[in-house]
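Residue numbers (the UniProt record's numbering), protein chains in the order written: chain U, 1 to 403; chain D, 1 to 243.
There could be a bad hint or two in this list.
Where chain U lies over chain D, by a calculated footprint (3+ residues, C-beta under 8 angstroms) [as the list claims (entries may be wrong)]: (1) 51-63; (2) 71-81; (3) 110-120; (4) 231-242.
Simulated pairs of lysine-lysine, BS3-like, Cα-Cα distance not exceeding 30 angstroms [unchecked claim]: (5) Lys-92/D <-> Lys-82/D; (6) Lys-317/U <-> Lys-223/D; (7) Lys-223/D <-> Lys-46/D; (8) Lys-397/U <-> Lys-268/U; (9) Lys-317/U <-> Lys-392/U; (10) Lys-188/U <-> Lys-65/D; (11) Lys-225/D <-> Lys-82/D; (12) Lys-81/D <-> Lys-223/D; (13) Lys-392/U <-> Lys-188/U; (14) Lys-92/D <-> Lys-392/U; (15) Lys-46/D <-> Lys-82/D; (16) Lys-317/U <-> Lys-46/D; (17) Lys-268/U <-> Lys-317/U; (18) Lys-208/U <-> Lys-268/U; (19) Lys-223/D <-> Lys-137/D; (20) Lys-317/U <-> Lys-225/D; (21) Lys-46/D <-> Lys-188/U; (22) Lys-46/D <-> Lys-397/U; (23) Lys-65/D <-> Lys-46/D; (24) Lys-92/D <-> Lys-46/D.
A few chain U residues that face chain D, going by a derived Cβ cut-off under 8 angstroms, partial list only [what the hints assert, rightly or not]: (25) Leu-137; (26) Phe-288; (27) Gln-289; (28) Ser-336; (29) Gln-349; (30) Val-366.
Since the hints were made in silico from the structure, they are not lab data. Remember, it's a predicted structure, so these values are computed and weren't measured experimentally. Think of the CB as a built atom: it goes at the ideal place given N, C-alpha and C, for glycine as much as any other residue.
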Amino acid sequence: MEPVPIVHFKPSCYLLSFVTCHLSLGCHLIVVEGFECPNDPGSSAVWGFMPLVGSPKADKSQVRGQTKCSPKAPMMIKNIGLGVPSPGRGSPGPHSAARHGGGTRWRAHVSNDSEAWRGVVGRNGPPDLNSSGVLLLDFCAHHGLSITNTMFKQKEVLSVYSRAVEEDEEELEENEEDEQIRRELEEKRTVHLHWNPEVSELLRAGNKLQCSSFILAVGHNAASFLSAYILASANWDAVGRAVAWNERNWSGTGPGGEGSACVFYRRKDEPAVLICHVTCHITEDQLFQWTEQVFGYLHTRGLTVTVLSDSSVTDYKTADYLCSSSTPFLRSLRSSAFSDQPVCQSVEQPNIITGLPAAVLNHCQVHSIAAVVYQCYSDVTGPDAITMDKYKPVLTKLGRSIQ
Amino acid sequence: PAVAVGNVGQLAVDLVVSTLNMSRVGYFHTDCLIPMAGNNPYATSKADAEELHTPAEVYTAAELKLAVLQIRAPIIQTRSKKFRQQLTSWIKASGFSRTVVLSSSHAYQRDDQQLQGTSLRYLMTPSLLAASADTLKELGWREMERIPAFPGVDTDAEPRLCIPGGGITKGLYTDSCAEDLPLAVLLLFCSEGDNIPDAFALVNHLNDWLHLLDGQSEEPNSKWKIPTSWSLLFGSGIPPALF
């Protein structure tokens with residue numbers, strides 16, 4: 001039995017997030033995990049046991065993992081980073097992994113046998129298998145390792161921010177492959193609008209859609225309310241969809257994907273009234289784009305925008321504790337151009353609105369479009385009839401345009 | 001302000017806008033900030049309470065020849081460089097005679113020399129430094145130190161500017177040096193928590209230089225007006241059934 005060499009990753013003050021990954025190699029259990037660095041309790045160290053994989057220069061491709069953390073990052077078990085740090089670009093020594101700002105690249109050289117893995121099935125099978133994933137599988141295939149348990153942390157835009165702010169990353173020198181991956185990911189996350197042929201024809205000539213009333217429902221209760229009370233009358237045509245792929249609603253890409261679409265409806269006899277259902281998640285970096293694109297197709301003179309939006313009562317701050325009998329409740333927020341009286345009281349200080357309703361309001365405020373958001377704060381997160389009922393007063397305001 | 005640790009710069013700007021009764025003159029409408037919307041954070045009465053405010057807006061006080069940009073939302077991670085570029089172009093296009101960035105930095109990442117004395121620091125681009133050298137001497141301000149990148153590990157490394165937790169502060173400063181903009185950075189070392197005292201410290205420090213409150217009462221801390229949006233900074237009221 002070949003002894004498994006031990007590789008020590010030198011702890012340092014600016015350390016890396018680390019992995020928990022169990023690989024079984026015949027009778028050897030190889031564990032790579034992280035824990036607190038003994039010299040500096042504020043940081044963490046990775047001590048890994050990895051088989052060396054041959055001469056670094058002889059083999060063709062590389063396994064590369066990039067990880068990131070801050071000195072006080074909590075134990076991030078959900079990460080994968082495999083490899084033996086070798087004197088790659090930017091690292092100060094053979095087995096140290098220290099880099100200001102908390103990121104590093106680990107490189108190991110393995111042979112390339114990705115053809116064997118074309119048959120990978122499951123959610124991460126091709127074409128979603130990225131090059132890092134292929135290389136990981138190559139590595140395991142080459143050494144007869146079976147992966148029993150892995151968790152890959154996907155790059156995602158987190159929707160919850162802590163007040164603590166990290167300094168700007170040093171401008172990383174990206175190689176071409178990195179840049180290409182990043183560009184492809186950015187393109188994938190672009191918001192696309194698809195209209196039915198009749199509307200496309202109209203828009204192709206450079207025209208915009210005449211619109212006097214645009215009603216937007218964000219969230220399941222808001223969308224269900226509109227479906228039940230307005231769209232049920234069968235006077236409405238589905239005229240288009242907006243697709244916004246992101247890591248939280250990636251099931252289904254392209255126009256056919258149900259999970260990532262926002263559907264537009266127009267009244268048959270009154271085409272100036274447009275409704276949009278948004279039940280998928282749109283990430284922070286897509287919100288502005290979504291709004292600009294949608295409003296780019298609309299004539300905004302004389303337009304009134306109404307947004308119905310679901311929210312959780314836990315997001316609402318009041319001096320007096322809100323008991324359960326007062327929820328759900330409705331609050332409004334309007335742009336300066338909205339001259340009518342909203343059906344409920346305004347959002348009290350210091351509360352704010354975020355997400356798609358906020359992006360729409362911002363756009364309308366800056367472009368002097370009349371807009372009002374009705375946000376329903378509920379203690380129930382799923383579909384709920386009582387929550388939906390709270391939107392009823394809005395119907396009186398929408399009036400004739402929806403009948 | 002820079003969106004930085006403790007949001008001290010933003011809180012300080014809130015105090016300036018609120019005290020000087022500045023009026024909003026424009027929106028900084030960009031895709032680089034996370035969208036948010038709310039009612040008027042500086043409302044003084046019911047009449048002006050329901051005015052919509054966006055993540056980045058410009059306020060002015062004409063008599064003081066002062067313009068203030070307030071940023072209320074975090075910068076989207078992948079767009080911080082773009083945001084810096086938008087800021088510097090706007091500064092150049094507007095032709096401000098000088099720009100001041102209010103910021104903060106992680107207190108726990110100070111090195112030995114930074115631990116001593118005041119926690120306030122300044123930085124100035126060369127063009128502004130030339131014009132303000134005398135004032136700085138009079139004020140006795142302390143310049144932000146350059147520290148080695150890996151303190152204690154790599155003693156030969158050249159000291160360089162590090163503003164951990166400062167968000168875009170360092171980037172904005174280096175960009176302004178490169179483009180020869182007259183820009184100053186005022187920051188203090190702080191930690192997350194109740195940063196209201198830090199905001200007061202920073203804004204008083206700024207006032208020592210710019211004298212924004214000339215003609216008001218002398219007592220510190222009472223001259224700045226706290227905006228209504230600062231209520232419930234640490235969450236809602238407590239349920240009485242808890243006790």
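Here is how each hint holds up against the structure:
1. 51-63: holds (count 4)
2. 71-81: holds (count 7)
3. 110-120: violated (count 0)
4. 231-242: holds (count 9)
5. Lys-92/D <-> Lys-82/D: Distance of about 15 angstroms is within 30 angstroms: holds.
6. Lys-317/U <-> Lys-223/D: holds (28 angstroms)
7. Lys-223/D <-> Lys-46/D: holds (23 angstroms)
8. Lys-397/U <-> Lys-268/U: holds (21 angstroms)
9. Lys-317/U <-> Lys-392/U: Given that 30 angstroms is the threshold and the Cα spacing comes to 24 angstroms, the pair holds.
10. Lys-188/U <-> Lys-65/D: violated (46 angstroms)
11. Lys-225/D <-> Lys-82/D: Given pair Lys-225/D, Lys-82/D is violated - Cα atoms ~34 angstroms apart, limit 30 angstroms.
12. Lys-81/D <-> Lys-223/D: Judged against 30 angstroms, a Cα distance of about 37 angstroms means the pair is violated.
13. Lys-392/U <-> Lys-188/U: violated (38 angstroms)
14. Lys-92/D <-> Lys-392/U: violated (50 angstroms)
15. Lys-46/D <-> Lys-82/D: Status violated; Cα separation ~38 angstroms.
16. Lys-317/U <-> Lys-46/D: Satisfied, since the Cα-Cα distance of roughly 19 angstroms is no more than 30 angstroms.
17. Lys-268/U <-> Lys-317/U: violated (42 angstroms)
18. Lys-208/U <-> Lys-268/U: holds (17 angstroms)
19. Lys-223/D <-> Lys-137/D: holds (26 angstroms)
20. Lys-317/U <-> Lys-225/D: holds (22 angstroms)
21. Lys-46/D <-> Lys-188/U: violated (46 angstroms)
22. Lys-46/D <-> Lys-397/U: Holds, at about 24 angstroms.
23. Lys-65/D <-> Lys-46/D: holds (29 angstroms)
24. Lys-92/D <-> Lys-46/D: violated (38 angstroms)
25. Leu-137: Violated. Min distance 28 angstroms.
26. Phe-288: Status holds, d = 4 angstroms.
27. Gln-289: holds (7 angstroms)
28. Ser-336: At 6 angstroms from the nearest chain D Cβ, Ser-336/U passes the 8 angstroms test, so the hint holds.
29. Gln-349: holds (5 angstroms)
30. Val-366: holds (5 angstroms)
Going through the hint list in order, the structure does not satisfy hints 3, 10, 11, 12, 13, 14, 15, 17, 21, 24 and 25.
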